[in-house]
Structures are given as C-alpha cells and as structure tokens.
Amino acid sequence: MTAPDYSVRAFELSRRFGDFVAVDRVSFDIRPGEIWGFLGPNGAGKSTTIRMLCGILDPTSGRAEVLGYDVARDPEAVKERIGYMSQRFSLWSDLTIDEHLTFYADIYALSPTEGRARIDQWLATVDLTDQRGDLAGALSGGARQRLALACAALHDPQVLFLDEPTAGVDPVARRHLWDVIALLAERGTTVMVTTHYLDEAEHCDRLAFIMGGRVVARGTPNELKHRAMSGQVLEVESDRVIACLGAVEALPYVRGAELSGAMIHATVGSAEVASRLAYDLGAQGFRVAGVRPILPSLEDVFAALVEATDHSGATP
Amino acid sequence: MNLQRLRAIIRKEVTQLLRDRRTFVFILIQPLMQLVLYGFLSSDILHQPAIVWDQSHSAESRRLIQAFVNTRYVTVHAYAARMQDIQGALDGGTAKIGIVIPPDYAKLIHASRPASVMVVVDASDANSARTLIATAQGVGSTLSQRIEIQTIERHGLGPTSAPIDVRARAWYNPDLRSQVFIVPGVLAIVLQFSTTFLSMSTIVRERELGTLEQLVVTPIQPSELMLGKILPLVGIGYFNMTLILLLAWAAFGVPVQGSLLLLYALTLAFFFSSLGMGTLISTMASSFQQAIQITQILLLPSIMLSGFIFPRESLPIVLQWIGNLLPLTYFMIVVRGILLKGVGLEYLWPQVLPLVVIGAIVFIAAILRFQKKIA
Chain A
27 MTAPDYSVRA FELSRRFGDF VAVDRVSFDI RPGEIWGFLG PNGAGKSTTI
77 RMLCGILDPT SGRAEVLGYD VARDPEAVKE RIGYMSQRFS LWSDLTIDEH
127 LTFYADIYAL SPTEGRARID QWLATVDLTD QRGDLAGALS GGARQRLALA
177 CAALHDPQVL FLDEPTAGVD PVARRHLWDV IALLAERGTT VMVTTHYLDE
227 AEHCDRLAFI MGGRVVARGT PNELKHRAMS GQVLEVESDR VIACLGAVEA
277 LPYVRGAELS GAMIHATVGS AEVASRLAYD LGAQGFRVAG VRPILPSLED
327 VFAALVEATD HSGATP
Chain V
1193 MNLQRLRAII RKEVTQLLRD RRTFVFILIQ PLMQLVLYGF LSSDILHQPA
1243 IVWDQSHSAE SRRLIQAFVN TRYVTVHAYA ARMQDIQGAL DGGTAKIGIV
1293 IPPDYAKLIH ASRPASVMVV VDASDANSAR TLIATAQGVG STLSQRIEIQ
1343 TIERHGLGPT SAPIDVRARA WYNPDLRSQV FIVPGVLAIV LQFSTTFLSM
1393 STIVRERELG TLEQLVVTPI QPSELMLGKI LPLVGIGYFN MTLILLLAWA
1443 AFGVPVQGSL LLLYALTLAF FFSSLGMGTL ISTMASSFQQ AIQITQILLL
1493 PSIMLSGFIF PRESLPIVLQ WIGNLLPLTY FMIVVRGILL KGVGLEYLWP
1543 QVLPLVVIGA IVFIAAILRF QKKIA
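Read top to bottom, the protein sequences are chains A and V.
Under our numbering, the residue at position 137 of the first sequence is numbered 163, and the numbers go up by one with no gaps.
Under our numbering, the residue at position 288 of the second sequence is numbered 1480, and the numbers go up by one with no gaps.
For the record, the hints were derived by calculation from the structure and aren't laboratory data.
Among these hints, one or two may not hold up.
[Claimed, not checked] Just so you have them, the derived chain V footprint on chain A, three or more residues with Cβ under 8 Å:
| hint | segment |
| --- | --- |
| 1 | 100 to 106 |
| 2 | 115 to 129 |
| 3 | 149 to 159 |
| 4 | 295 to 305 |
[Said to hold, decoys possible] Label pairs and their in silico Cβ distance ranges:
| hint | chain 1 | residue 1 | chain 2 | residue 2 | range |
| --- | --- | --- | --- | --- | --- |
| 5 | A | Ser119 | V | Pro1508 | 46 to 52 Å |
| 6 | V | Lys1565 | A | Asp31 | 25 to 31 Å |
| 7 | A | Arg213 | V | Lys1565 | 29 to 35 Å |
Note that the Cβ used here is the ideal one computed from N, Cα and C, for glycine as well.
Please model the complete structure; the sequences and the hints are all you need to start from.
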C-alpha cells in the first residue's frame, strides 16, 4: 500500500466510563516521522486516547486510523505495525533484560539472527549492555523505562506510542530518553508521546493540550506560545516573592499569576499595564526591581489554558 | 498459531515458574502435606481401648476376651471391678468400649444355655462405634457358632456345618485398608488443586501487574497465550503425579494394578479440563484475590462431591448431579480404577468422555472470553 499522508488520525474519538467522559470528541492528525506530543494534567484523557489508538480499548464513539488501517475494524493489522509503551510498569520483575528483549523479538517473529543483532544494537542505544543479565525488578526507574522503550521499539514499528515515558524518572535519565526518541524520529518512526512535564513539550514537532477529555489547544511549540495566549505575560522581579505573588493575584487586571523560579509570571491583557503593575506593587511596599513583557513559556500557556478552562467549566 | 510465539511464551512461563517460590509450594509441599494429612489420618479404627469387667474368671471368659483382642480392633486397657468403673472409663474417654461378662457365664455355656454378655460402646464418634459394635457382634456369633458345633459333636452327631455359610471376599483391597482407597484419591485432589491454582493465576496476574496491557498490543493470539501458559503447567502436573505415585507406593503400599501408561495418558484429559477451568476463572476474575475466591468455591465441593471421601451413591440426588459436573468425579474413578482395580480403557471410557467434553467447553469459553482488550 502507498504511504498514507498521516500515520495516525483520530476522528471525534470519545470514551465514557459510566457517567464520566474521559475523552470527549478528540480529533487530530499525526504526520509520518514527527514527534507528536500529547500534553495535559493527570486524568485528562491522554492514556485513554492512546489505548483507543492501539486497539485495546473500544471508543464509545468516533473512530481512528493508524497507518491507514481502521483501528476498530482491523486491530491486529495495527498491532503488527506499532509499538506501545504503557504508563504502568510493564516489565516482569523476575525476568532479565535479555529475556525481555528475546521474548519480544520472538513475539514479533524476528529471525534469530536478526533478533540477536537488534537486541545488541538496542542494548547499546539505551545503555544497558552491561546490565543485560540483571532482573528487571532490580533496575532503577530510568533503566526500567529505557528497557520498556527498547521492548516497544525492538521490532522497528512504524508508529510508536509512548505513554508518559519519563514519569518518575530523574532529569538526566529523562534527557537520555528524549535523545533516544529523537533518534527514532530521525530514522522515520512516527512517535506519539504523552507527558505532563511541560518543559518536555519543547522536544515535540507538534503538540496538543488535552484537559477534561477535550483538546483545548494545538500547534507547534512556537505557535502555541504566540497564539494560544490571548494576553501577555509580564515577568515581575520583586522582594518577598510569596507575599508579592498574593498581591499580584489580587490586582483586578491580572488574570493569573504563578511563580517561575524567583520571578513572578503574571498574565495580563496587554503589555501596557506593566508600569501600572510596578506602581501598584510599590504602593503596597514591595521593592520591585523590574516588570518586563516576555514570550510565555509553555508552562505559562498551560497555566492560562487551565485558568480559562476552569472559568468556563471543564466539561460543557 | 505461530510456533515461534508459542515457544517464546512457553520459555517465558517456564523461566518465571522456576524462579517463583510458589511453584515449589505447589509441586512439593502441597502434595506432601495432603498425603500426610489424608493418608495417615485416615488410618483404620484399630486398637480401641477396652475396659473389661470379668466376673466369671474362667477359661471361657478369657477365651471371649482373647477373641476380642484377636480382631485387632480392641486392646484391653483396664479391668473393672464394678459397673461404675466402666461408666467412669467411658465418661473420661480412657476407654471406648466396655465389656461386662456375668458371673455365671462359664456355667451357662457348659449347660448349653444362652449366656449374655453386655457390651457398651462410646458412640459419640458414630464411625468408630459402628466398627466396635460390628466387632462385638462378629465375635459373639463366631464364638457361639463354634460352641454350638462343639456341643453337637459332643453329643455324637458327627461333624456338621452351619446352614448358611456367607463368605465375603474383599476385592481390590483385600486387607480393607482405607489408605489404599484414600491415597489414590489424594493424588486426584492434589492434581486438581495444583493445576487449578496455578492456571487461575495465569491471566489475572499479568492483568494485575500491568503486563497484560503490554501483551495485548502485540500480535499474540489468545490461543497462543493460553496454550503457552498451560503447557508448562501440564509438565508440573505430571511431575506432581509421579512424585505422589512414588510416595503412595513407598509409604502407603498403594498398588499399581493397571497400566501406568494408560493412567498418564488419561490424566491428560483431566488436565485439559482442570487447567481449562482455571484459565476460564483467570479470564473472568478482575483480581488475583477474586480468582482465589472463585477457585475455592469451586474446589471445596469437589472434595465433598467427587466421591473422594463419601460414596457418591449415598449423596442426595441433587448433589450427585452437581458432582457430575466436576472433572474430579470422573478422574477419581479413573485413578482408582487403574491403580486398585487394574481396569483398562474398555471400562474407563465413560469417564474419559465427560472429561474431554468439559475440557473442550471451558477451554473454548476461556479463549472466547479472553479479548485482546483491557476494559
């Protein structure tokens, strides 16, 4: 078959659990070879969406296509061509690293020669060659995730679904995982990755924010920073930041404020209120060193989205 | 069915079984425990303590007491001097049977007149009481028959014989040892427990660990997964069985009258149904705990209703029907048939057929129930 324009397509995908709407009419397209990020807080519906795309959870309504195959009609065709790394610990603690990889090589029917070559290659990629005889239960969090990624990607799937691959992993190990993900994308693998770490979104080619089961924003990281924010972020440098944060939040023209390091990021309607903000804080006895308009970080975008959604009610 | 995948699953399962301590509990500790429990505790009612009030003090009365002792069911534990002694011994539990011989016992016998001997039995345990009463009646009728014959001969009427001569022969278990009956049953029970308990954890444990989610996104077929998980358990079952057969032969002297080859072959039919049942439970249960509960609910009646201890014919008809649904019922007959009676397939096929049918039903149900989905 000819290569489809999109590796993954979701059309109005919905899933209910009883009265609870976990995923609410979600649509998106993922292009071949891109790293597509799915961001949102815990419980937003990220894992549920991924499971529906992998064919292990039936949608309540809507449909999905992976590599041109309808997931509901042809789940086995999809399963042969994808890799999936679930959010939960998905390894057998009583099997070694080698035994895991050998198992998956056989499950995907790789020839013995091919299987051994790929296992050696993947062990080197995820830096586990020296530990290959260790039981999975004895590995550190980072090593477990790298092994899980190697298991999911060993058979060279065209699409890789990674559900929170970096959850509970230290920053160094996180960077290592993202290096591997970037490597896979360079080789042409389509990667859909979910995370609730906003700083990781910068690694993605495109991304979508999901909240309360609905996609609330989408685009490239840059587009999102410019477009998704209707207002302007001001960076406030002041003494007594905690007290000052309270004062900033209390101002009527501030939509939201949060700490970012030692600075306060305040979301306002436009940059013009900067001097007024400095004056108002000074009047309350704060020593304000500066108020500067900045390009919002994704965290600011996310905070603004949460704010907006909370005000309008998450589920309509 | 892809053989490479099947082999991969079998290799994974065997590796995990060998590394899991629970496996050894099931294949070593559990059979030993059950054998010891049922095998030794089911030993016959022998050497029950007796208290005797012999008021006759004669050769005749001593002969009577010796006749009791010769049955091996009774051991004289104490002699009484008055009725209260007997009362006290039975009340205190130091004796199970009291024998009272009247003062005129020898005199009446010599006069060819009926002598009565009183036997009191502690019947709070109905089972041992039944044995003791039967023993007493047996001793009484044997002795009186002998005396009668002696009397007739003494009157010069020549050798004679009793009008009815009932000769009971105990087939298959000539010594009437209950262990011979119970131990093959223990074999069946142990195999039922280990296979069901090991197979009920197969799917549900992967589900609880979260590894099932990883397995169902692969191209694994449900039949490959089930078969790959069950074949190693068949191996464990046969190991179990060999161990118990050796123990039964060495420790309890259980005979092997029939063909061992046939026993091993027919056991496969039993494994098919018991492992299928465990797997079906495993696909239905949402947690390991729940699987254990369902299994216990199913296994307890199988001890009671399969004919392991109680003869099935004496059960109410409804319980017999329920027993007909249990694979263990048929397997019990197969095991006893081959080990004790030495019968062949020509007598056992009516047991094999239901085993295969039950196995096929539960297996197909398990495979159909197992969806490659997580919710």
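Results of checking the hints against the structure:
1. For the segment 100 to 106 of chain A, the assignment as covered by chain V holds, since 4 residues bring a beta-carbon within under 8 Å of that chain's beta-carbons and 3 suffice.
2. For the segment 115 to 129 of chain A, the proposed coverage by chain V is satisfied: 9 residues have a C-beta within less than 8 Å of a C-beta in that chain, meeting the threshold of three.
3. Closer than 8 Å: that is the beta-carbon criterion, and the segment 149 to 159 of chain A has 0 residues meeting it against chain V, so the requirement of 3 is violated.
4. Requiring three or more residues with a Cβ within less than 8 Å of a Cβ of chain V, the coverage given for the segment 295 to 305 of chain A is violated, as only 0 such residues are present.
5. Between serine 119/A and proline 1508/V the C-beta distance comes to about 49 Å, which sits within the given range of 46 to 52 Å.
6. As the Cβ distance of lysine 1565/V to aspartate 31/A is approximately 29 Å, the hint placing it in 25 to 31 Å holds.
7. In this structure the supplied range 29 to 35 Å holds for arginine 213/A paired with lysine 1565/V, their Cβ-Cβ distance being about 31 Å.
Violated hints, in rising order: 3, 4; the structure is consistent with all others.
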